[in-house]
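Visitor: Here the protein sequences line up with chains A and B, keeping their order.
In terms of this note's numbering, the first sequence opens at residue 876 and continues consecutively.
In terms of this note's numbering, the second sequence opens at residue 876 and continues consecutively.
In case anyone wonders, no lab produced these hints; they're calculated from the structure.
It is possible that part of the hints are untrue.
Each pair may be met inside one copy or between any two copies, as identical chains are not told apart.
Claimed, not checked - Straight line, CA to CA, 16 Å or less: simulated EDC-like cross-link-like pairs of lysine to aspartate or glutamate:
1. Lys-1083 with Glu-1023
2. Lys-878 with Asp-986
3. Lys-1076 with Glu-1005
4. Lys-1076 with Asp-986
5. Lys-1080 with Asp-913
6. Lys-1080 with Asp-886
7. Lys-1084 with Asp-1044
8. Lys-1004 with Glu-966
9. Lys-878 with Glu-1038
10. Lys-878 with Asp-1042
11. Lys-915 with Asp-969
12. Lys-1076 with Asp-886
13. Lys-878 with Asp-1048
14. Lys-1083 with Asp-969
15. Lys-1084 with Glu-982
16. Lys-1053 with Glu-966
17. Lys-1076 with Asp-913
18. Lys-1080 with Asp-969
Number of protein chains: 2
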Amino acid sequence: MTKQFTRSDIDALAQRYRANLINSLSGFKSATVVGTTDGKTNNLAIVSSVVHIGANPPLIGMIMRPHTVTRDTLSNIKQQGCYTLNHVSTEWVDKAHQTSARYAPDESEFDAVGLTPQFSESFPAPFVKESQIKLGLHVAQHFTLLNETEMVIGEVHELYLPENIIDEDGYADIEQAKTACISGLDSYHSTTRIAQFSYAKPDVKLTKK
Amino acid sequence: MTKQFTRSDIDALAQRYRANLINSLSGFKSATVVGTTDGKTNNLAIVSSVVHIGANPPLIGMIMRPHTVTRDTLSNIKQQGCYTLNHVSTEWVDKAHQTSARYAPDESEFDAVGLTPQFSESFPAPFVKESQIKLGLHVAQHFTLLNETEMVIGEVHELYLPENIIDEDGYADIEQAKTACISGLDSYHSTTRIAQFSYAKPDVKLTKK
């Protein structure tokens, strides 16, 4: 049976129910932990709103809510101008989810959940040692959207990933690296490749790579 | 072996290689086809850049490239002010990918790939009949980002999904509905739930739902 919701049906839902429902509708989402520092405490926060903006220059965006548990992360990003994005592995989704607890600003989520901060000589924000795919970004654009959420777009300045997951054409097999994905607010998933397709052309039968 | 790329390493890559690599870094992405019309031709385009913006009001964003194959979609959205988002099923990822071919503006991707346009009495843009989860959106905000890509944020006005995938708390089990996800530019994946976690609190052991 198909259930239909009109806009007024959605508006009439209880707040938590609506949050769970609407958060499910944007499809599967990337599972990423954001590493920042205020110069003293290393902060780590899970986000599921990472989005590709462009490859040249390499730009990645994310949506942040300024008045929620990620406010320390956002404040560090504003203060320092840089942050790391680290893929969450299917092997430690529990630790990644636990970073969403409301720890005190001077308490490091790294310590609290059992993940290890790792620094490069050339980057001031902490990477996650346990992550297979890690990016260091500088803020390139930052603005407020119509509902008072904020969009942060970062330019990739450093990148670490396992050499053996990079295909000849540059595709990085994030499934082989055990990157997890998220649905809704709290469901974590592993993936199984169905197919990788060639470039699509009109009137040409699609082929698998 | 970990491979490191500095920013100048990334800038020195061949264009196609860089596109494949950088598109892999934002993690798993939602697989969605966007339905639009210019009043005559029903247009359908796959996007992997859908992102949750907020639940109250229900807002969903997506990133579009104005000078690529999605330019007809973007033009229809600007002209009509509305569009549909339809979850891609693991059962027809090939048809979804084929919508990325560069068809003529007066050729419908629905017909070309073998998907069925479906209209509701109260919504002017075409839904995809074969999709389990369908949203009708009105444009709420539209602007250009630093790299000349465009962000379209839509407000959900209609929503259709199978009643039996909605949990008591509002979470919609999109895995049960066979929603696919994407990595890179052309790899399609099914998912397997690892865990769904309770709300995280400091110093409280995480429990599964």
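Visitor: Hints first: check each against the structure and report whether it holds.
Guide: Evaluation of the provided hints:
1. Lys-1083 with Glu-1023: Cα proximity of Lys-1083 and Glu-1023: none, with 43 Å in one copy and 31 Å across.
2. Lys-878 with Asp-986: neither (44 Å within a copy, 27 Å between copies)
3. Lys-1076 with Glu-1005: For Lys-1076 and Glu-1005, neither the intra-copy (40 Å) nor the inter-copy (22 Å) Cα distance is at most 16 Å.
4. Lys-1076 with Asp-986: between (50 Å within a copy, 15 Å between copies)
5. Lys-1080 with Asp-913: So Lys-1080 and Asp-913 fail the 16 Å test inside a copy (53 Å) and across (27 Å) alike.
6. Lys-1080 with Asp-886: Neither: 44 Å inside a copy, 34 Å across copies.
7. Lys-1084 with Asp-1044: This pair counts as within: shortest intra-copy Cα distance 11 Å, inter-copy 41 Å.
8. Lys-1004 with Glu-966: Intra 14 Å, inter 37 Å, cutoff 16 Å: intra-copy only.
9. Lys-878 with Glu-1038: Cα proximity of Lys-878 and Glu-1038: across copies only (5 Å, versus 46 Å in one copy).
10. Lys-878 with Asp-1042: Only across copies: Lys-878 and Asp-1042 sit 13 Å apart there, 42 Å inside one copy, limit 16 Å.
11. Lys-915 with Asp-969: neither (25 Å within a copy, 50 Å between copies)
12. Lys-1076 with Asp-886: Cα proximity of Lys-1076 and Asp-886: none, with 42 Å in one copy and 28 Å across.
13. Lys-878 with Asp-1048: between (36 Å within a copy, 14 Å between copies)
14. Lys-1083 with Asp-969: So Lys-1083 and Asp-969 pass the 16 Å test across copies only (9 Å; inside, 35 Å).
15. Lys-1084 with Glu-982: neither (47 Å within a copy, 27 Å between copies)
16. Lys-1053 with Glu-966: within (8 Å within a copy, 23 Å between copies)
17. Lys-1076 with Asp-913: Neither: 49 Å inside a chain and 22 Å across chains, both beyond 16 Å.
18. Lys-1080 with Asp-969: between (42 Å within a copy, 10 Å between copies)
In summary, the numbered hints that this structure violates are 1, 2, 3, 5, 6, 11, 12, 15, 17.
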